[in-house]
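Asker: Residues per chain, in single letters:
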Amino acid sequence: MLPGFRTDQTVPLEQVIDDGMPVERIALLGADLPGLRPRLLCERGDRVQRGQPVFVDRAHPDIVFVAPVSGMVEQATLGPRRSLSALVIRAEPGSKEPGPVTVAASTATDVRTMLLAHGLWPGLLTRPYGRIPAPDSTPDAIFVTATADNPHAPDPRLALDGRNDMFRSGLKALALLIAGPVHVCQSPGADIAADLGDRIRGSFFPAGPASGLAGSHIHRLHPVGPQRMVWSIGYQDVAAIGALIETGIPDFTRIVSLTGPRASRPRLVRTFTGASLQDLTREEILPARDGSAAIILSGSPLAGRPASWLGRYHQQITLLSDAPARKETAGWGLLARFKRPPSRPGPIVPTAALEKMLGFDIPAVPFLRALSVGDAEAASRLGCLELVEEDLAAVSMVCTSGADYGRMLRHVLDELAEDA
Amino acid sequence: MTGWLLDPHRMRQRAGWTPGRVTLAQMVALAAPVGVKLVEQGMPMASVLVAALIASLIWELAFAAIRGRSLTWHSAGTALIIAILVPPATPLWQVAMAASFGMVFGELVFGGRGYGIVSAAAAAAGFLVFSFSGAGLSGSSQALALATLPGAALLLLGGLVSWRVLVSVIAVLLVAGFMQDGTSGLPETFVAVAFGLVFLIGDPVAGASTQLGRWVFGVLAGLLIVVFDTMAGPDVATAAIVFASLLASLFAPLIDHFAVALIVRRRRIAHG
Numbered sequence: 001m002l003p004g005f006r007t008d009q010t011v012p013l014e015q016v017i018d019d020g021m022p023v024e025r026i027a028l029l030g031a032d033l034p035g036l037r038p039r040l041l042c043e044r045g046d047r048v049q050r051g052q053p054v055f056v057d058r059a060h061p062d063i064v065f066v067a068p069v070s071g072m073v074e075q076a077t078l079g080p081r082r083s084l085s086a087l088v089i090r091a092e093p094g095s096k097e098p099g100p101v102t103v104a105a106s107t108a109t110d111v112r113t114m115l116l117a118h119g120l121w122p123g124l125l126t127r128p129y130g131r132i133p134a135p136d137s138t139p140d141a142i143f144v145t146a147t148a149d150n151p152h153a154p155d156p157r158l159a160l161d162g163r164n165d166m167f168r169s170g171l172k173a174l175a176l177l178i179a180g181p182v183h184v185c186q187s188p189g190a191d192i193a194a195d196l197g198d199r200i201r202g203s204f205f206p207a208g209p210a211s212g213l214a215g216s217h218i219h220r221l222h223p224v225g226p227q228r229m230v231w232s233i234g235y236q237d238v239a240a241i242g243a244l245i246e247t248g249i250p251d252f253t254r255i256v257s258l259t260g261p262r263a264s265r266p267r268l269v270r271t272f273t274g275a276s277l278q279d280l281t282r283e284e285i286l287p288a289r290d291g292s293a294a295i296i297l298s299g300s301p302l303a304g305r306p307a308s309w310l311g312r313y314h315q316q317i318t319l320l321s322d323a324p325a326r327k328e329t330a331g332w333g334l335l336a337r338f339k340r341p342p343s344r345p346g347p348i349v350p351t352a353a354l355e356k357m358l359g360f361d362i363p364a365v366p367f368l369r370a371l372s373v374g375d376a377e378a379a380s381r382l383g384c385l386e387l388v389e390e391d392l393a394a395v396s397m398v399c400t401s402g403a404d405y406g407r408m409l410r411h412v413l414d415e416l417a418e419d420a
Numbered sequence: 001m002t003g004w005l006l007d008p009h010r011m012r013q014r015a016g017w018t019p020g021r022v023t024l025a026q027m028v029a030l031a032a033p034v035g036v037k038l039v040e041q042g043m044p045m046a047s048v049l050v051a052a053l054i055a056s057l058i059w060e061l062a063f064a065a066i067r068g069r070s071l072t073w074h075s076a077g078t079a080l081i082i083a084i085l086v087p088p089a090t091p092l093w094q095v096a097m098a099a100s101f102g103m104v105f106g107e108l109v110f111g112g113r114g115y116g117i118v119s120a121a122a123a124a125a126g127f128l129v130f131s132f133s134g135a136g137l138s139g140s141s142q143a144l145a146l147a148t149l150p151g152a153a154l155l156l157l158g159g160l161v162s163w164r165v166l167v168s169v170i171a172v173l174l175v176a177g178f179m180q181d182g183t184s185g186l187p188e189t190f191v192a193v194a195f196g197l198v199f200l201i202g203d204p205v206a207g208a209s210t211q212l213g214r215w216v217f218g219v220l221a222g223l224l225i226v227v228f229d230t231m232a233g234p235d236v237a238t239a240a241i242v243f244a245s246l247l248a249s250l251f252a253p254l255i256d257h258f259a260v261a262l263i264v265r266r267r268r269i270a271h272g
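As they're listed, the protein sequences go chains A and B. Each residue of the first sequence is one higher than the one before, counting from 1 in my numbering. Each residue of the second sequence is one higher than the one before, counting from 1 in my numbering.
Check before you lean on any hint, since a few could be wrong.
Here are some chain B residues pointing at chain A (derived, C-beta under 10 Å) [said to hold, decoys possible]:
1) Met11
2) Pro19
3) Ser131
Sample of chain A residues with no beta-carbon within 12 Å of chain B, all distances over it, derived [to be verified]:
4) Gly45
5) His60
6) Ala108
7) Ala194
8) Ser211
9) Arg381
10) Asp404
Derived by calculation from the structure, the hints in this document are not laboratory data. Glycine included, each C-beta is placed from N, C-alpha and C at the ideal position.
From just these sequences and the hints, can you work out the full model?
Answerer: If you want it as C-alpha cells, here you go:
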C-alpha cells in the first residue's frame, strides 16, 4: 500500500468466507457499462428467472445481459442519451429456480454462442479501451486476473477453493476461443492452472504497487497498441463460465471482501454481482467515535466509487468514514477572501512519486500533461492505450494537481475509440 | 474544464504532495540557510528579507484577488531564496524591484507556481544583476553550504529535487575542476555551488521532467556554470549559477521533447 495512506485499517482482513447479510435487491448498472445503450426485454413488474435475458446491447444485439437472481423487476430506468441507469430486481427467495440446461462447449463457435447467450460475455473486457468486446472479434491473448490488487482484496486461491474444477473448465473453454495463449496471472504460490496444455500458462507476479492490476500483467507479457488487442477477465467470471458448463446452472454469486476502517468484522462474504450495498452492510458498519457517517465504496479505496450497488467488476467493498462537515470559518477578515476550495486541478509538480506510481515505461509528467489538456494524439503516442482508469488511481493520489486522471483517461480513450 | 477533480473522499485520502505541502517542505528546507545568513549578516540581511517578503506577497495577493484563487504562500519561499542570494548592502528598493520582477514574470503571469518555465528566484536574481550597475550577488560561505545539506536531504527524500540533476551537475563540475587545477579546489567549488544547485537548478518545476531529460538538463546546467563563471580559481560566482539555471530552464522543454521522442521510438520498436 502507499505509505501513510489514511485507509490503513485497524482490524486486519480475515480471509474467511461468510454468507453475509441476505440481499433483497440487486441491480445491473449503467455505471459498469459506459456508452452502452440497452434494448430492454422486460418491464417494471415483470417476473424474471435467474439467467433470463433482461436487456441486450442495441449496437450488438448478440450481447445479452441476464438477471443474476430470480425475482421481480422493480425499476428499469434509462439515463442520459438512452444509456442504462439501473435495472433493479427484487429477489423472491421462494420463486421457481430454472432447471439445469445442457450447454455445448467443445468448439470455438459453441463457446462463443454459450458466453453470449448466457450473459457471461460481459465479463470480458478489451484492452485497449477497457470495453466489452464485439461478439465477432478475436484477441491475441486472454488474461485471467487471479491476483489481489491490494492487501484487502479477496485471496483468489481461497475464493476459488472448492470451485477449482469449474475454474479449470472455464479456462479450457476460454482457450478454445482463441489461437493464442491464455495467461493466468497469479500471486506466487501453487499454480492454479497447472497441466492444462501449453496454451494455458500460469504467470506469477510478486506483491507490490500495481502488480495486481491486469494492466501491469498485460504490459509485462503482451503489450497492446492500436493493432494488438487482448481481453482480460476476472477469476470469478472464469469460475462462473466453468460452473455453467459443468452444472448447467448459471452462477452469479461473487465473493467480495468487506473491508475498511469502518467495517466491524472485515472478512469475505458471498453475495451476488450488483448486490445492494445497503442490504449487505446493514449490520457491518462500526459506529464512529466522532459520530461521522460512513460512506460505502464499491471497489478498493484507491479506485472504488461511492455506490449503492456492488459493481460488476468489483471484488471489494470499502467502508470509510465521511469527513465531518467543515465548520464555516467566518472572520479572518480580508484573508478569508483568499481561502477557497479548489475548483479545478492544481499544477503538476514533477515529484519522484509520479514516476514510481505510474510504471508502464511511460514518461509520467509529459503523459499526465497530455491527459490534462485532453491531447488524445500525444497521450496515445505515449502509451495510453495500455491503460484503463484503475491503472491511474495510484498516480492520481500522489499528484499535486488533485486531478482524477482516470476520468481524463476515459475521455481520451473514448475519443480514440471513436476514431479507431 | 470542470469536474476533473478527484471525488471528495479520495481528495481527503491524498497523502502525497499537494501544492501547499510542497511549499511547506521548501520553507522548512530553507529555514537553516536563512538562519545561518541572518546570524552572519545581522540586521541588513533582515531588512533585505523583509523587503523581499513584502514585495512578493503583495504581488501574490494581487494576482490571487484578480483571479479569484486562494493564496498559496509560495511567494514566501521565493522571497527567502532571493534574500539569501542578494548581498545585504543592496538598496531595499532594488531588492523590492527584483523580487517583483521575479514573482510576476517568473511565475505569476504563467498562472503561478508549477505553470512557469523558470525559477522565480533565479529570475529575480538575474534581473538584479542586469538592471542595476554595481549590483552583484552575495557569495556562499562554508556555514551556508553546510546548512543547505539537511534541506537538500529533505527535498531529495520527498522527491522534490531529482538526484539525477544534482549528480550530473556535480559530475560536470568535478571533471571541469579536475582539468583546471586538480583535486585541491573541489571542496571550495562545492561550498560555492551547494545552495544554488539545490534551490535554483534543482527546482523541479523549472527543470526537465523526464528521467533521461534530467541527466541532460544537469549536464547542460553544469557546463553553463563552467562557461559563465568569471571567478579565477576553484570559486564559482553566484551569478554564474543563476544564469546557468535560467538558461538551462529555457532549454528544458526542448530537452524533454527529444527525450519523449526517444522514449516513443523505443516503445514503438519494443511493442510493435
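Asker: Take the hints in turn and mark each one as holding or not.
Answerer: Verification of the supplied hints:
no., hint, in the structure
1, Met11, "6 Å, holds"
2, Pro19, "5 Å, holds"
3, Ser131, "29 Å, violated"
4, Gly45, "35 Å, holds"
5, His60, "28 Å, holds"
6, Ala108, "25 Å, holds"
7, Ala194, "30 Å, holds"
8, Ser211, "19 Å, holds"
9, Arg381, "5 Å, violated"
10, Asp404, "5 Å, violated"
Checked against the numbered hints above, the structure violates hints 3, 9, 10; every other hint is satisfied.
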